[in-house]
Amino acid sequence: MQAWLLDYLPLLIVLSSLLPGLLIFTLKEQQVALRTFLNLLGVTLKLVLVFLMWQGVKEGESYYYRIAFLPGADLILQADALSLLFVVLSSVLWLATTIYAIGYLEHSPLRSRFFGYFSLCVSATVGLALAGNLVTFLLFYELLTLATFPLVVHRGTPQSLAAGRRYLAYTLSGGLLLMLGVSLLHLLAGSPDFTPGGYLAPLLASGSILLQVAFALLIAGLGVKAALFPLHGWLPQAMVAPAPVSALLHAVAVVKAGAFGIVRVVYDVFGVEVVRALDLAWPLLFLAAFTILFGSWRALAQQDLKKRLAYSTISQVSYITLGVALLGPLAAVGALVHLVHQGVMKITLFFCAGNYAETLGIHKIRELNGVGRQMPMTSLAFTIGALGMIGIPPAAGFISKWYLGLGAAEVAQPWVILVFVLSGLLNACYFLPVVYRIWFGVQYSAWPSPQRLSSRFETHWMLLAPSMFTLGLILLMGLFASTELSPLSWSELIVEREFSFDD
Amino acid sequence: MIDLSHLLWPGAGLGFTSAVSQGWLLFTLLLWLLALLYSLSSQQQDPRAGRYWLFMLLCFAGNVLLIAAQDALSFYLGFSMMSLAGTGLVLHSGTKQARRAGRLYLQLAVIGELLLFSALVLRASAAGGLYDWQSWQNVPLDHLTISLFVLGLGLKAGFFPLHLWLPQAHPVAPAAASAVLSGAMIKAGIFGMWLFLPATDPLLQQWGQGVLWLGFVSAIFGALAALCQQKSKQILAYSSVSQMGYLLMLLSLSWLLPPAQQSLALIALVGYAAHHAFAKGALFLLAGSASRYRFGTGDQLLLGFFIVSLAALPFTSGAMAKTALKQATAAFALPAANLLYLGALCTALALCHLLMRLKAEQLALLSQTSASNMPWLQRGPVLLLAVAAVLLSWSGVMPASASVWLPLGITSYTSLSLQALTAAAIWAAIWPLLMALPTYYLLQRFAGSWLLQLGRRQRWVFFTSLKLKRLYQPL
Amino acid sequence: MLSFYLYLGTAVLLVGIGGLGLWRGPELLRRILALNVIGAGIFMLMVTLAYRPVMQGEPADSVLHALVLTGLVVAVSATAFALALLGRLLTRAD
Amino acid sequence: MFPALLLVTLPLSAALLMLLWPRFARSLHVTVALLSVPLAGYFLQQILLHGEQQWLLGGWSPLLAIRWQADSLSALLLLLSALLHLLVSGYALAVQARDRLPAAFWPLSSLLLASLQALWLARDLFNWYVCLELLGMVAVALVTLSGDKALKPALNYLLFSLFASLCYLLGVALLYAGYGALDLPLLAGQLEANRLNAMALLLITLGLMLKAACWPLHIWLPAAHAAAPAAVSALLSALVVKGPLFILYLVWTELAPQAFWLPASYLFALAALGALLFGGIAALRTPYGKSLVAYSTVAQLGYATLALAFVLRFNLPEFVAALWLFVLAHALAKAASFLAMGELQQTLGSKQVSALKGASQTMPLAMFAFAVAGGSLIGLPPSGGFLAKWALLLGLWQSQQYFWLLVLAVATLLAAAYVFRVVVLAFDRAEPTAPDFAPQRLPQYLALLPALAVWAMALFSMPLLTLLKQEL
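Chains as they are written, first to last, in the UniProt record's numbering: chain A, 1 to 503; chain B, 1 to 475; chain C, 1 to 94; chain D, 1 to 472.
Derived by calculation from the structure, the hints in this document are not laboratory data.
For each residue, glycine too, the CB sits at the ideal point set by N, CA and C.
Keep in mind that a hint or two might mislead.
[To be verified] Quick list of in silico lysine-lysine cross-link-like pairs, BS3-like style, CA-CA up to 27 Å: (1) A:K364 <-> B:K467; (2) B:K469 <-> A:K364; (3) B:K96 <-> A:K364.
[Said to hold, decoys possible] Far from chain B by the CB rule (all over 10 Å, computed), these chain A residues: (4) F25; (5) T36; (6) L49; (7) D80; (8) G190; (9) D193; (10) G207; (11) I209; (12) F290; (13) I399; (14) P414; (15) F440; (16) P450; (17) A481; (18) R497.
[Stated by the list, open to error] Partner residues aside, some chain C positions facing chain D, computed with beta carbon under 7 Å: (19) L2; (20) F4; (21) L20; (22) R24; (23) I38; (24) M44; (25) V73; (26) V74; (27) A82; (28) R88; (29) L89.
Here chain A stands alone, though its shape is the one from the complex (with noise of 0.2 Å):
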């Protein structure tokens, strides 16, 4: 690989989505076969550079790439270990979906658009990924936001527009608070890079309400992306999107990039030496230990299968600003792999949730009796998604659930893990029905709207297939937990070289 090259990856990397995604805007309805084409294309390319960053950087390799932005601010990609994990994370769980959206739009009009929004929205994840400072954060924050909205109208129809300006209400107003913390910040401090234990530490002596006014608005910001507490109201209703692209927003793409903000500002911005020194991490945690409980209590009452799935992200996003906000180096391990496994995971929920919908016309979770016998395969990645997200091993959920916990033991704070307890409960509470109702329910109608949609497969193979994908990655991550390629790993050499914990 040649050396200029290299200083280019990250960019590339932006761009290997952004610009198949432009030119998918151009091509006319009837050009499947070249919009696919530019869809796999830009998909694998990505991989492939991931592929090769991944290399440098467990090499230690530090890859740079800067474009003149705002004054004392420049935009900035780099690829530090965290930013590998979420562009892994939303560069392969992107393939999955785009095969998914694929075969779920089949037929469907506006397709041109869609996926050209759709490949914006992960170039705007990845940039935001390989961010370099708080400023190049912002603004794909800002992108994310507006090309994930016209993914959440998509139908069109009255519900998807009022979700969808519910959803901007929401993700505008983070973004401009965002923003005020930003300059904030920029102003006291500067925006140099990201840096590991945070940059502010010299202005301690000088005054800290300012930077605790910073931390608010920083974290308001994000919290609106992460859905915590009083800030989440977009999420339930921005389900109505099209399966695919819930999936994307749930899994990876807005959730996260809030989530995964957090963790910047909280380890890279403000350190933990600081944010201890401002006393900033309790009401942090109280949040996201209310929103964890809330999201689940929310999600008991919801018949609707999707609405349960999205109120279940709410409380499932708030395990990463919980781990963050315990300020232990177990528990930030836990949140980091956190926010991969929740997003495997939820990912496989919504795929299944689709297929149900797409098959059989199933929307109600009473509607979902005895389908296990009809579509034993996708029933399969349904439960064991659920039971990940309880927290029952081998499923994911329960590596990061359990380093959470030992985190929270780590830091003297067990309450935390009544916390963890309780919301396994609820999580049980609102998911094992619906698993008794898929195994063991009988089936008391017929299917609302059932679809021929494979002759040889329970439903079409490009919607059974990333389910049966991400199903695999599910149990592997779970399972093969301590290996050099799994996400704890990675999340433990992020932690042991990035996260300046003093032991």
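Knowing the structure of chain A, use the given hints to seat chains B, C and D on it.
The following block gives chains B, C and D in isolation, referenced to the frame of chain A:
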């Protein structure tokens, strides 16, 4: 031992390194294989046999895994796999009873899992992020962790106040499933407690006394509650509650005894567990067959053998187990060691009741249809279980050269069976039985309907479970 | 000196009258006229200012005269334009 | 000297020639528009090379001569005007076949360009008056091009404009009475803080604010801008209102005595507050598409006014930068959104916002242009609007104006609300409004062009700030 730590998670490993786990594995494996063999016949006409086998095999794998585990996470993996797949077995028949029992089972199993999870987390954290047993042995426990372990694992083991699900869930499952549920799976709770609560820990001395009494109460309660039941499988299930009480007593004795004698209690624990696994497993299998097939004389003899064995009549594995229990109790110099006789009496009463009910059920079956004979595929496993039980109780009599083939450290248990052959032990085993017969007659005569009514007093459990369900699943 | 103040006063008066007309009148024509009156007032003011050096015996300020001339041209054309527009508007309204 | 003179005289003489030979009007116009751009570019380069330049026209002495002066800001504005003029000409040509603009459009818009370029170059109070007057009348004339429905707003505009000019003229006359000079550099630093000067400055400010449509003196703007043809609205909103603002800035920073700065800053801040809030709310409520864009202009001018207020109050470089960045970003974004909105309305056949239902499918390009321009109006990164807002935010944090931060936040949300009010509607797939005829692609691309340019602006923040001679 297989080291998997570079593959799965730090400290992951599988192996059977201690005598207890070797013995435990042996009887568990045996019971499982025979139960699976039995299922070949019993599930022949099952339209949903695929589902049955799936859950059976999952439970099997989980059960073996948790015994083989060398670290907390592998144990937890096996434990939860077994627990959750067990739901499938309880729910299998799909009847109303099965559904509500399944719900109750699942609710409590999940709670148990989560309690165990938090206990493991606390423990792993105390051990500095290491998960393997070796590192955990010397890390001091604290009260919170112990109570979490006792509750979490106790919910699986099903001893007295945590037994609620057991008498409901075991009877509704298919016979072979009930056999492994009662014979092997609930023992995982006790096994886990042995694993996670190392006897060397000083804090357990404080807990031992209480747990001992808890075990005793459970033993008496289970037996008495069994008397109030009408269905043979439910009687067997309550009997399991009672037997788990004995196992719990043995476990707590292992904590209380001085280190030199701890191995005695542990040997007794494994022996008792094996005995119970064989006897209870066989009885469940027989009870399953009894509801569908005509019993020949041989079958009735087999039934009698296991009942007698469970009642700890001399020369049975039960006698061996009970003797071991008594020895351990005596070693601790428990003032109320004589209370054990009360336990034995109650057990005997329950078994009388079981015999009567089985007989009644068989008669009812025969009066309705012309049932065929029990197929050999079902009889065979039961017979093999009987052989295993006999081997268990008599292996000590065999010459040392003959017992060498016994795998691993099993030989250490064989000495127990010899001690059961002393005259004092024989007498001690027989007299409660002799007393039980007239007592049972009198009880049935004068308090039969009262007992029946008492037996119906378990609806509150379902009611609460349903309430709970309504809470998290509003209509 | 008196005449200076007289001119000045007249200029201010004109601006005032124009302002009042603008304020009071909703009719467009009246407003156009009022604007013209204000314009006249301002030009008068400027001419008066140009007159100041004369009082000291110097020639009048020719710059201001030039400005007034320019202003007048602009004002006339603007008025014409406004009236034309008004005319079109009124014919349309009929 | 030569390029600067050409920049003004070329369009001026072309306009006169067009009147003489209406047949060649269009080609003359295009030639001038095309020539102006490289000329302005060359001029900017010259300024960058040689620094600020000034000329006294006709070689008269400073007291009599008309002074032209060009620093990099003027040069930048010259280039911007030339560029937007070219763009709008292109648009006008592109839609020529469909909705024919009256022949008067060509000379008038050349005249508009000439007067604007003269305004950017002039540094003389009376010269500015002439430019303003010319600008106003040409603008009014342009508004009337869309036919009889525009007569009323146009006349209204004219009256306001005349009144404003008179106010300005009166102020200028008062200043001249005191100091006998009209030349800005000559007057700079001379003014004392007395009543007469206060009166004069107040009159000048009032006139300029009226022309620049600062709240609450904006009432003429929405109707006039909405009634004009799309091409004209784009020019009016993007450029014409910026002229008076430019004068206002120079008058206050160079002419006015420091003692007046604080009260003036309160005045401007109040106007900004009203503009930001009420402009936004009005844009949110109006049922008509172009009025929405016009009200958005009112609101966006609030940012510039706010920046001006804080320039006077704190004199931080951030605010100066914010002021001009807002002007630049708004010019580009507003041109794009007016062209896009005009195209949408023309094709979909209705002025109502509600008629834009489903426009993202029927006319994706125009809608995209509108949304992208809207992004800059909201201030989403990396647009020019963001860059300006960023500068403003830094200044506000630095001067600890927390109330104004809140105002800014609310204003941003209002902007987001009115932009996405349209965009969300465009995604409605239930009953999309069918276009009256097949949408033309070229005009839509032309509308997209400035929108994309404004989004690229932030990437060139450093050169821009160098041009504005400000550092953040």
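Evaluation of the provided hints:
1. Restraint check: the Cα-Cα separation between A:K364 and B:K467 comes to about 23 Å, which is no more than 27 Å; the hinted pair holds.
2. Restraint check for B:K469 and A:K364: the C-alpha separation of about 18 Å stays at or below 27 Å, so the hint holds.
3. Distance restraint check for B:K96 and A:K364: the Cα-Cα separation of roughly 24 Å lies within the 27 Å cut-off, and the hinted pair is therefore satisfied.
4. No beta-carbon of chain B is positioned within 10 Å of the beta-carbon of A:F25; the least distance is around 45 Å.
5. No Cβ of chain B approaches the Cβ of A:T36 within 10 Å, the least distance being about 37 Å, so the stated non-interface status holds.
6. For A:L49, the shortest C-beta to C-beta distance to chain B comes to about 29 Å, beyond the 10 Å cut-off, and the non-interface label holds.
7. Every CB of chain B lies more than 10 Å from the CB of A:D80, the least distance being 24 Å, so the non-interface label holds.
8. Once the 10 Å rule is applied to beta carbons, A:G190 is consistent with being away from chain B; the minimum gap is 38 Å.
9. A:D193, annotated as away from the interface, keeps every beta carbon of chain B farther than 10 Å; the closest lies near 31 Å.
10. No Cβ of chain B comes within 10 Å of the Cβ of A:G207; the nearest lies about 37 Å off, and the non-interface call holds.
11. Every CB of chain B lies more than 10 Å from the CB of A:I209, the least distance being 36 Å, so the non-interface label holds.
12. Consistency note on A:F290: stated as away from chain B, and its beta-carbon is indeed over 10 Å from all of that chain's, at 19 Å minimum.
13. With a least beta-carbon separation of about 7 Å from chain B, A:I399 fails to lie farther than 10 Å from that chain, contradicting its non-interface assignment.
14. The claim that A:P414 is not at the interface with chain B is violated, since a C-beta of that chain comes within 10 Å of its own (minimum 7 Å).
15. At roughly 5 Å, the least C-beta separation between A:F440 and chain B is not larger than 10 Å, which violates its mark as non-interface.
16. Annotated as non-interface, A:P450 keeps its C-beta farther than 10 Å from every C-beta of chain B; the closest such distance is 22 Å.
17. In this structure A:A481 is not separated from chain B by more than 10 Å, as the shortest Cβ-Cβ distance comes to only about 5 Å.
18. At roughly 18 Å from the closest C-beta of chain B, the C-beta of A:R497 stays outside 10 Å, upholding its exclusion from the interface.
19. This hint is violated: C:L2 has a C-beta 19 Å from the nearest C-beta of chain D, more than the 7 Å allowed.
20. For C:F4, the suggested interface contact is broken, since its CB lies about 12 Å from the closest CB of chain D, more than 7 Å.
21. Nearest Cβ of chain D to the Cβ of C:L20: about 13 Å, over the 7 Å cut. The hint is violated.
22. Among the interface hints, the one on C:R24 is violated; its C-beta lies about 14 Å from the nearest C-beta in chain D, farther than the 7 Å criterion.
23. Proximity of C:I38 to chain D holds as hinted, the smallest CB-CB distance being about 5 Å (cut-off 7 Å).
24. With a least beta-carbon distance of about 10 Å to chain D, the hint placing C:M44 at the interface is violated under the 7 Å criterion.
25. Contact between C:V73 and chain D, as hinted, is not supported at the beta carbon level, the nearest pair being about 10 Å apart and thus beyond 7 Å.
26. At about 5 Å, the closest approach between the beta carbon of C:V74 and any beta carbon in chain D falls short of 7 Å, and the interface hint on this residue holds.
27. The restraint placing C:A82 at the interface with chain D holds, with a minimum CB-CB distance near 5 Å, inside the 7 Å limit.
28. Of the supplied interface hints, the one on C:R88 holds, with its beta-carbon coming within about 6 Å of a beta-carbon of chain D, less than 7 Å.
29. Because the closest C-beta pair between C:L89 and chain D is about 4 Å apart, less than 7 Å, the hint holds.
Hint check: violations occur at hints 13, 14, 15, 17, 19, 20, 21, 22, 24 and 25; the rest are consistent with the structure.
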